[in-house]
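2 protein chains.
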Amino acid sequence: MKKNVLIIGAGGVAQVVAHKCAQNNDVLGDIHIASRTLSKCETILDSVREKQSMKTEGVLQAHQVDATDSAAVARLINETGAQIVINVGSPFVNMSVLDACIETGAAYIDTAIHEEPDKICETPPWYANYEWKKRDLCAEKEVTAILGAGFDPGVVNAFARFAIDEFMDEVKSIDIVDINAGSHGKYFATNFDPEINFREFTGTVYSWQEGAWQENAMFEVGREWDLPVVGKQTAYMSGHDEVHSLAANYPHADVRFWMGFGEHYINVFTVLKSIGLLSEQPVITAEGQEVVPLKVVKACLPDPASLAPNYTGKTCIGDLVKGVKDGKEVEVFVYNVADHKDAYEEVGSQGISYTAGVPPVAAAMLIAMGEWDAKAMKNVEELDPKPFFTVLDRIGLPTRVRDESGDRAWNA
Amino acid sequence: MKKNVLIIGAGGVAQVVAHKCAQNNDVLGDIHIASRTLSKCETILDSVREKQSMKTEGVLQAHQVDATDSAAVARLINETGAQIVINVGSPFVNMSVLDACIETGAAYIDTAIHEEPDKICETPPWYANYEWKKRDLCAEKEVTAILGAGFDPGVVNAFARFAIDEFMDEVKSIDIVDINAGSHGKYFATNFDPEINFREFTGTVYSWQEGAWQENAMFEVGREWDLPVVGKQTAYMSGHDEVHSLAANYPHADVRFWMGFGEHYINVFTVLKSIGLLSEQPVITAEGQEVVPLKVVKACLPDPASLAPNYTGKTCIGDLVKGVKDGKEVEVFVYNVADHKDAYEEVGSQGISYTAGVPPVAAAMLIAMGEWDAKAMKNVEELDPKPFFTVLDRIGLPTRVRDESGDRAWNA
Numbered sequence: 001m002k003k004n005v006l007i008i009g010a011g012g013v014a015q016v017v018a019h020k021c022a023q024n025n026d027v028l029g030d031i032h033i034a035s036r037t038l039s040k041c042e043t044i045l046d047s048v049r050e051k052q053s054m055k056t057e058g059v060l061q062a063h064q065v066d067a068t069d070s071a072a073v074a075r076l077i078n079e080t081g082a083q084i085v086i087n088v089g090s091p092f093v094n095m096s097v098l099d100a101c102i103e104t105g106a107a108y109i110d111t112a113i114h115e116e117p118d119k120i121c122e123t124p125p126w127y128a129n130y131e132w133k134k135r136d137l138c139a140e141k142e143v144t145a146i147l148g149a150g151f152d153p154g155v156v157n158a159f160a161r162f163a164i165d166e167f168m169d170e171v172k173s174i175d176i177v178d179i180n181a182g183s184h185g186k187y188f189a190t191n192f193d194p195e196i197n198f199r200e201f202t203g204t205v206y207s208w209q210e211g212a213w214q215e216n217a218m219f220e221v222g223r224e225w226d227l228p229v230v231g232k233q234t235a236y237m238s239g240h241d242e243v244h245s246l247a248a249n250y251p252h253a254d255v256r257f258w259m260g261f262g263e264h265y266i267n268v269f270t271v272l273k274s275i276g277l278l279s280e281q282p283v284i285t286a287e288g289q290e291v292v293p294l295k296v297v298k299a300c301l302p303d304p305a306s307l308a309p310n311y312t313g314k315t316c317i318g319d320l321v322k323g324v325k326d327g328k329e330v331e332v333f334v335y336n337v338a339d340h341k342d343a344y345e346e347v348g349s350q351g352i353s354y355t356a357g358v359p360p361v362a363a364a365m366l367i368a369m370g371e372w373d374a375k376a377m378k379n380v381e382e383l384d385p386k387p388f389f390t391v392l393d394r395i396g397l398p399t400r401v402r403d404e405s406g407d408r409a410w411n412a
Numbered sequence: 001m002k003k004n005v006l007i008i009g010a011g012g013v014a015q016v017v018a019h020k021c022a023q024n025n026d027v028l029g030d031i032h033i034a035s036r037t038l039s040k041c042e043t044i045l046d047s048v049r050e051k052q053s054m055k056t057e058g059v060l061q062a063h064q065v066d067a068t069d070s071a072a073v074a075r076l077i078n079e080t081g082a083q084i085v086i087n088v089g090s091p092f093v094n095m096s097v098l099d100a101c102i103e104t105g106a107a108y109i110d111t112a113i114h115e116e117p118d119k120i121c122e123t124p125p126w127y128a129n130y131e132w133k134k135r136d137l138c139a140e141k142e143v144t145a146i147l148g149a150g151f152d153p154g155v156v157n158a159f160a161r162f163a164i165d166e167f168m169d170e171v172k173s174i175d176i177v178d179i180n181a182g183s184h185g186k187y188f189a190t191n192f193d194p195e196i197n198f199r200e201f202t203g204t205v206y207s208w209q210e211g212a213w214q215e216n217a218m219f220e221v222g223r224e225w226d227l228p229v230v231g232k233q234t235a236y237m238s239g240h241d242e243v244h245s246l247a248a249n250y251p252h253a254d255v256r257f258w259m260g261f262g263e264h265y266i267n268v269f270t271v272l273k274s275i276g277l278l279s280e281q282p283v284i285t286a287e288g289q290e291v292v293p294l295k296v297v298k299a300c301l302p303d304p305a306s307l308a309p310n311y312t313g314k315t316c317i318g319d320l321v322k323g324v325k326d327g328k329e330v331e332v333f334v335y336n337v338a339d340h341k342d343a344y345e346e347v348g349s350q351g352i353s354y355t356a357g358v359p360p361v362a363a364a365m366l367i368a369m370g371e372w373d374a375k376a377m378k379n380v381e382e383l384d385p386k387p388f389f390t391v392l393d394r395i396g397l398p399t400r401v402r403d404e405s406g407d408r409a410w411n412a
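For the protein sequence lines, the chains are A and B, in the order given. Under our numbering, the first sequence is numbered contiguously, ending at residue 412. Under our numbering, the second sequence is numbered contiguously, ending at residue 412.
Hints were generated in silico from the structure; no laboratory data involved. Careful, some of the hints might be misleading.
A pair counts as met if it fits within one copy or between any two copies, since identical chains are not told apart.
Below, simulated DSS-like cross-link-like pairs (lysine-lysine); rule was C-alpha separation at most 25 angstroms, straight line [unchecked claim]:
{"id": "1", "residue 1": "K341", "residue 2": "K186"}
{"id": "2", "residue 1": "K273", "residue 2": "K186"}
{"id": "3", "residue 1": "K51", "residue 2": "K119"}
{"id": "4", "residue 1": "K314", "residue 2": "K273"}
{"id": "5", "residue 1": "K375", "residue 2": "K133"}
{"id": "6", "residue 1": "K378", "residue 2": "K314"}
This is chain A alone, in the form it adopts within the complex (with noise of 0.2 angstroms):
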């Protein structure tokens, strides 16, 4: 039975994962935030208590900490008594928290993959350039470490094992959608950091299909959707971490992840891009300044924290999985509908980052439970997903299902 959780970075994902560890800190214990900038952990620390999160009493503590500094990621570790880590800081620091967590022995759990600054999109699957590397020595270790579990990657690779456990023999294909039918009011923003935000799509889009990796260029393939609640939605084929670790364990299925955009987005993203404003190499100013052009854009755009007030609408994040039955063609759709304005009512965020920052939480509690603690590396579908399921349904998201048999909760 581990506890005590220290959260990794401050961004509208931490703020979410504060208030829902708060929430839960019977079962997760002492609650620590750790980042860069200790005012900012400070304002979610703030937020938790006016909205009177902690659900018994208890440690509640923020820290400054350089997460690219494995050592001092440790030395917090151990000050602390974390035994889990929630890593929701930039994906430029998910190794050297992983190698803290490994000399520490505390369970691990990320939401995106590991990313280098200078490098957009390098070679599938992507997962093996990086956090893969270390399974043999969590395993060695006996170190649990659950990557990519937020909603896309995370409670989406659950949704395919569920549909593919449950409802086939045998799995064709797995369509993940990812569709947000909120609306911010604001002429152009991100709903998490633009520099990441942007990275997934100025990259090549790989999709696995046919037993092989597939490459596109991203807006190329587009599809319009008929979805629970959101309705028609035009969604666009595009690179996502899930894809790479589904197409490890269902090699034989082809696996695509489609994201929702409007025509808007996809205009002020192309005039950008095709300038060369989306880049992370650095350009020279006529005056000398080096300067990487995403870093100034992602300086003009709102800060996507500052959305939440006034997001209203919802997102409808889900699996088309299709397969064979007793030799018969079957399809169904997992899903959850989340709401902007009741995230913001109930943690002070908006939806994306509420989607985004609940599953992390449902699996530290799961691990606090002894249900996921599997003392190594395991991606989400490699777990039984209906105890995280049922963790979501009360903290949050419900899942639900949609098929011939019609449109019902998942353990309905």
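Given the coordinates of chain A, work out where chain B should sit on it, guided by the hints.
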């Protein structure tokens, strides 16, 4: 009789000025060129030599100078023996170069209004904020200073003066229309320094109508024009230097400037501006670096000079002047058409640089010949337009007139 020219600046317009000065060095004498970066001056002189532009044997020399340093410019004027300075550097250096001319007695010519780096779209009339404050001093010291002697401002000011003097007793309105119907084949590029180009369109649009300054937003007022050679084109009311001097000299006329823009330009401009990327005010990146977004956009866009080899099509810039003659309403369109490819073949530059760079050389020749050596500060409409047109006809920018009586050369 003044002679020997010092060109300040080494951009696309300076290249045209250098070639045209060389082609007319029998009139102008020694040719010197100076900018912050010596190698850029030398590249221009290499091009002058390669195209064998020098009419007669003579001095052709490059210098390094910081044009914001008035004393350094004055020293260079004295060292080179230049009696005429053509300032086609950044608009940020106008006042320091003008001061050097006043100090040394050299004649001063520029092609755009003075700007301070951190201020956009100051209060009208713009000339009164900087240049005109030196008018009395120029008169006292008998220094010739010709302001805004490019195409627009410059030739279009002379077009207005000519139309009014020749064809009407009373002027009612002056509409300056600038259409670039050329194509550079790039996704997006500006035809001259992006920093200066965008600054023209990010502030309030000032026009002089009904005897007062009127304010509009950029792209708020558009109109379709049907012009010689380039045909039907949409142009938008924009702020521009010449409106500010013409309004002072013809206060009873409405004075407006119209710039042609395609939908693609407007879309890109709108995206960049809406996000804040055209701002001259610094932002701070997440890493703490202070950066001016506009300078980063500039660094990402193609160098305007690089467009020249593949630029095709024509420009049409002219003045629609309306007034009353013998009690009857009259209107006349005075204009020039220039060709991008012709410009490149002659001087290695695209048409926009060509139209901007030829007129100040014509002005320099008129000073050298004594016809425009006013020994005072003048805007172009305050000088006799006919000798200007005569020189422009000869050196590459013929003036034409279109009215009820047909389309013809200005002196036909």
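Each hint, compared with the structure:
| no. | hint | verdict |
| --- | --- | --- |
| 1 | K341 to K186 | within (16 angstroms within a copy, 43 angstroms between copies) |
| 2 | K273 to K186 | both (20 angstroms within a copy, 14 angstroms between copies) |
| 3 | K51 to K119 | neither (40 angstroms within a copy, 45 angstroms between copies) |
| 4 | K314 to K273 | neither (28 angstroms within a copy, 29 angstroms between copies) |
| 5 | K375 to K133 | within (16 angstroms within a copy, 79 angstroms between copies) |
| 6 | K378 to K314 | neither (30 angstroms within a copy, 64 angstroms between copies) |
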